[in-house]
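**Q** What the sequence shown shows, in mature numbering (1 follows the signal peptide of the UniProt record, and there is no 0), is residues -31 to -1, 1 to 274, in sequence order.
Hints listed in this document are in silico derivations from the structure and should not be mistaken for laboratory results.
Any given hint could turn out to be false.
Quick list of in silico lysine-lysine cross-link-like pairs, DSSO-like style, CA-CA up to 27 Å [claimed, not checked]: (1) LYS210 <-> LYS262; (2) LYS136 <-> LYS88; (3) LYS162 <-> LYS187; (4) LYS130 <-> LYS187; (5) LYS74 <-> LYS111; (6) LYS130 <-> LYS162; (7) LYS210 <-> LYS52; (8) LYS74 <-> LYS10; (9) LYS168 <-> LYS111.
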Amino acid sequence: MSVSFLRRTARPVVLSVLGLAASLMAVAAHADTLSRIRETKTINLGVRDAARPFSFLNEAKQPVGYSVDLCLAAVDEIKKELKLPELKVNYVVVSGAERIPKLQKEEIDLECGSTTNTKARQEQVAFSYTIFVAGMKVLVPKGTRVESLKDLEGMTVAVSKGTTSEKLFTQLNSSGEAKMQLVQYANNAEAFKALRDGKARAFPQDDALLQGLASKEKALDALGLASMAFSVEPYGIMMRKGEPRLSEVVDRTLSRLYSSGEVQTIYKKWFETPALSIPMSRLTRDSFMRPNKEAGVAMLLGYSI
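Take these sequences, add in the hints, and give me the full structure.
**A** Here it is, written out as structure tokens:
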């Protein structure tokens, strides 16, 4: 075997090893969000602009809401964990379709919105303990009956892009259970407007979000929730996968809020107001008593969403 042959074969091996080492170093550099937060003294929170009462912009265009308060409690715990008296909170508004990509690209560190923990999403991201359990229903004009799938037959249905409701109703439509005319909108606000303007006859989404939208727009006299529930939607604070330190801090924060009863005060602040009244459901209460990370279930289809 010649020396030149050894040189030719050794070089690709060396380059491969160096390339692998560089890749591992890059992964390590981005693997620990808490270390970066300590260095930059900044944490990026993903928030929604109109997911009332979980995460929305108030009249001063400041992010507020139930999920935002829970995330800020976690930020306080991160300060203690990292011994950082000062930690800048940078808010980033995200839509339903872009929340996971922005998290994966490290543009946000925690997503503080109304995101359902699903089996499919668990393959891409991590979730905190459940913070709220919603049920997917449809918002319809008062007097419109939706007690079964067949009642949706032939209806124009507004769906919000990147949501579990879009995914579920697309599956229901494809299955032939009920043939609907699905029209996709960029976000909940646009889908809701389509319903109000008469361009759609139904708007499926999590019940608490629908009630929040209708109360804000003072549309509760004209619109109402149909009785039929399509799925169980447990919400969680979303994080990147492979972040055990950050996940432990967030879950520790929620456990403390749950066990101390402080979460009850936070809940009442956002769900029991003059404009909006959403009593705490048994499933939400159980999640506080027994913290868990169970995925949502599409009851009509009989499997996780």
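**Q** It remains to establish, for every hint, whether it holds in the given structure.
**A** Okay, the hints, checked on the actual structure:
1. Note on LYS210 and LYS262: the hinted pairing holds, with a Cα-Cα distance of about 14 Å set against a maximum of 27 Å.
2. Distance restraint check for LYS136 and LYS88: the Cα-Cα separation of roughly 13 Å lies within the 27 Å cut-off, and the hinted pair is therefore satisfied.
3. Only pairs whose Cα atoms come within 27 Å are accepted, and LYS162 paired with LYS187 is accepted, the gap being roughly 13 Å.
4. Between the alpha carbons of LYS130 and LYS187 the distance comes to roughly 24 Å, so the proposed pair stays at or under 27 Å and holds.
5. Of the supplied pair hints, the one linking LYS74 and LYS111 is violated, its CA atoms being roughly 43 Å apart against a limit of 27 Å.
6. Of the supplied pair hints, the one linking LYS130 and LYS162 holds, its CA atoms being roughly 14 Å apart against a limit of 27 Å.
7. For a cut-off of 27 Å, the pair hint linking LYS210 to LYS52 stands: about 24 Å separates their Cα positions.
8. Restraint check for LYS74 and LYS10: the C-alpha separation of about 19 Å stays at or below 27 Å, so the hint holds.
9. Between LYS168 and LYS111, the direct Cα distance comes to roughly 16 Å. Compliance with the 27 Å bound is thereby established for this hinted pair.
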